[in-house]
Every structure is written in structure tokens, then in C-alpha cells.
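Chemist: Kindly generate the complete structure, drawing on both the sequences and the hints.
Residue numbers (our numbering), protein chains in the order written: chain A, 428 to 648; chain B, 428 to 648.
Think of the hints as simulated: they come from the structure by calculation, not from any bench.
You can take every hint at face value.
Listed next, the stretches of chain A that the computed footprint assigns to chain B, with coverage defined by at least 3 CB atoms under 8 Å from CB atoms of chain B: (1) 497-510; (2) 521-533; (3) 536-543; (4) 558-572; (5) 575-588.
Heads up, the beta-carbon is just placed ideally off N, CA and C, and yes, glycines get one too.
Protein chains: 2
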Amino acid sequence: MNPILVIFSGGQDSTICLMKAIAERGADKVHAVTFDYGQRHALEVQLAQEIAREQHIASHKVIAVDWYRDITHNSLLDKSMAISREPGAPFPNTFVEGRNALFLLTAAIYAKSRGITELMIGVSDADYSGYPDCREPFIRSMNATLNLAMDCTFTLYAPLQHLTKAQEWALADRLGCLDYIRTRTLTCYEGIPGDGCGQCPACKLRAAGLAEYLRTKDQRR
Amino acid sequence: MNPILVIFSGGQDSTICLMKAIAERGADKVHAVTFDYGQRHALEVQLAQEIAREQHIASHKVIAVDWYRDITHNSLLDKSMAISREPGAPFPNTFVEGRNALFLLTAAIYAKSRGITELMIGVSDADYSGYPDCREPFIRSMNATLNLAMDCTFTLYAPLQHLTKAQEWALADRLGCLDYIRTRTLTCYEGIPGDGCGQCPACKLRAAGLAEYLRTKDQRR
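Modeler: Printed below as a string of C-alpha cells:
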């Protein structure tokens with residue numbers, strides 16, 4: 428198996444990606460990169476480091492991006508701004524312009540320097556907030572652009588691309604890590620790990636998906 | 428005229444771009460962004476600041492990218508490494524992986540936050556070192572990726588794309604800034620402004636282009 432670099436935030440989605448990569452390739456082939464970019468919940472980075480240690484992956488790199496807050500404005504990077512969605516706006520004000528492009532580009536530069544050309548990211552277009560950089564056309568275009576930029580054949584994997592949140596929990600369950608994902612990861616916009624604050628859009632999405640999965644699982648019994 | 432953001436290093440190419448944008452739109456419509464990414468010649472950033480001031484452009488932003496040297500290795504970021512080109516290598520070891528993609532992405536994030544959707548970059552595929560991120564297919568792909576990433580219609584201009592170095596000097600002459608470009612900009616890998624060290628690949632390319640332009644100009648008289 429080839430080595431793979433997982434873009435790993437310590438949240439639910441990217442931790443499921445990490446566990447999937449480990450299940451498929453073995454922990455010694457799995458590398459991870461986490462971005463410290465001034466996100467609301469700095470605890471995210473710490474949880475990512477703990478999970479990476481516990482899972483004995485081959486390497487874990489934290490890259491600090493200092494300038495994000497200086498060049499764009501949104502409620503994920505500015506704690507004094509309330510999280511909201513304007514009527515008619517295509518997505519909530521938590522959207523960080525260009526974030527997934529920056530993560531993928533930086534990860535690809537780092538990966539190439541280590542001889543790795545496969546990357547994984549936990550984006551999904553099915554069940555989300557409508558962020559444009561979570562959609563499949565963006566991921567495909569980004570893959571082509573990275574190849575042209577660095578004269579290299581990268582392969583970007585987005586295994587959650589077409590999964591609902593309920594299907595994601597089903598995947599976690601198949602991978603044997605449902606409880607681990609539920610208790611150890613951070614998705615909440617308020618920075619509360621596990622089941623979170625229960626009130627923010629990320630918590631509601633996560634809880635609704637879990638409830639839906641557990642309901643269908645019960646019905647199948 | 429719409430405002431435009433020029434990716435501006437203080438080198439010959441991007442300064443010609445800046446002067447072209449000023450000639451076409453007026454200095455009050457021209458914004459510039461310079462990246463301080465650990466390049467060999469930190470003086471470049473200082474020269475860029477001086478030129479921006481002298482030309483009275485609308486704004487000039489310097490963005491520090493601290494992590495570049497930490498995730499990839501090349502002779503432009505590592506002064507202890509000799510500049511060379513391995514036999515058979517597609518480009519010299521001065522190539523900074525992903526650099527133009529990073530500049531364009533970061534500039535686009537910054538531009539969008541200021542309501543600017545037109546960007547200019549001084550890449551050229553005609554006369555260069557063979558860097559993949561200077562070629563037109565990369566620029567077009569990057570434009571499409573930026574639009575998808577941020578749900579926005581950016582326009583990337585690369586006015587030097589198909590010019591030889593001699594044609595670039597001709598453009599500078601038409602813009603009335605040949606001497607300014609010749610004396611005030613820094614292209615030399617050794618960090619010497621103006622005519623530079625005369626020995627590195629960048630100086631040789633620059634000098635050969637200027638000599639060719641001046642020869643054809645003389646012949647036309």
C-alpha cells in the first residue's frame with residue numbers, strides 16, 4: 428500500500444477518514460497534517476494530536492497559518508462575531524474563504540516533499556452547510572490544479588463526499604470506532620468535544636445524523 | 428475601471444505588471460500584495476514596499492508565510508544550498524513547490540474580502556526556467572479552482588504569459604518605465620538589485636532579454 432496524508436482537524440469527519448485510512452492501509456502508512464489557523468476552538472488541534480498519538484500513525488504535522496484572520500473575516504476566526512446565516516445567504520458566516528483549497532495545497536506541498544502523492548480530506552456535499560469548497564467539482568478541479576502546479580500526479584480522496592451524516596455514522600460503526608468518534612472528536616462551533624453544546628448548527632447536524640443512524644440500526648435488528 | 432490586485436514581488440516581471448495596471452486603470456485602482464515567505468533575498472520585500480510607495484497605488488499588503496521552509500526544501504529558501512540544475516531535471520532547484528498557487532489563492536482570499544475579483548500575476552511560459560506553475564494551463568485551472576472554492580467569479584490576468592524577456596523589455600519601454608524597471612527591481616538570485624550579479628540564471632535571462640530588445644530597437648532606427 429502507498430502512504431497517504433490525511434487532512435486531519437480532530438473533528439468527526441476527518442477522524443472517520445483517518446480511521447478508514449488506517450483500516451485500509453495500516454497505521455504505519457498513514458500520515459496526518461493539522462492546521463492551526465486561528466479557529467474558534469484551539470482545543471481542536473490538541474485533540475487531533477491526542478488522536479494521532481493514540482492511533483500510532485506514521486507521522487503527524489501541525490502547520491500554523493498565522494495570516495488567515497488578517498486577510499479575511501468570518502465568525503469561525505472571530506470569536507466576537509455571532510454565528511449566523513443571513514436570510515438568502517448561500518452559507519452561514521462560519522465559512523472561511525478558501526480554507527479547503529489552502530489545506531489541500533499546503534498538504535500537497537508537504538506531501539510531495541516526503542514522497543507522498545495520495546491525500547484524503549473529509550469533505551461532504553450531501554448534508555452540509557453549503558460551503559462551496561466541500562463540493563465534488565471543487566475537489567476535482569483542485570486535484571487538476573495541484574497536478575499542474577507541481578508537475579505531479581496527486582490523487583485526492585474524499586470518501587465522505589456523497590455520504591449523509593447518518594451514513595457517516597454507519598461507516599464509523601463498520602470501522603468499529605463509533606464510540607471513539609462520538610466521545611473523542613470535536614465538531615461543535617463552541618469548542619465542546621463529544622456531543623458538544625447541542626445548539627450550534629454543527630452539533631445539530633451531528634446529533635440528527637447519529638439519531639437517524641441509530642434508529643435505522645434498531646429497526647434492522 | 429474595476430480595482431485590481433497585483434501579485435507583486437518587487438522583481439522585474441511583477442513590477443512591469445504593476446506599471447501596466449497603473450497605466451490602464453490609474454494608480455487609485457491598483458492594489459498590490461507581496462509575500463514574505465523566507466525567500467533568499469529579503470531585500471525584495473523592501474524594494475516592493477518602496478516601489479508601491481513611489482507609485483502611489485491604492486494599497487499594498489505584505490503577507491508573511493512562515494511555514495514554507497518548514498514543509499519543503501529548495502535552493503531559493505535554503506541559502507546553504509547551491510543553486511543548480513540536475514542533468515535531466517525539468518527545472519532548477521530554485522523551484523518552490525506550489526508557490527504561484529499559494530500566492531494566487533491567498534491573494535484571492537484577501538481580494539474577495541475587499542470586494543476585488545480581478546488579479547494580475549507576472550508569470551510567463553515563453554522564456555523561463557520551466558517552472559510548471561508559470562504555464563498557461565496552470566493559470567487557467569487555478570482560475571477555475573478559485574471560482575469553485577469561493578463561489579465567486581475571479582479573473583486572473585497574466586499579461587506576460589506569452590512574452591519573451593525581450594518583448595517584456597519592449598513593453599516596459601512602451602509603458603515609459605524601462606529605466607525604472609532596470610534600476611529599481613530585483614530579479615537576481617543573489618539579491619543584488621538592478622543589473623544584479625550577472626552570473627545567476629535569472630540575471631543571465633534578464634540581461635540577454637534586455638540586450639536583444641536594445642539591439643532590435645537600434646536596428647529599427
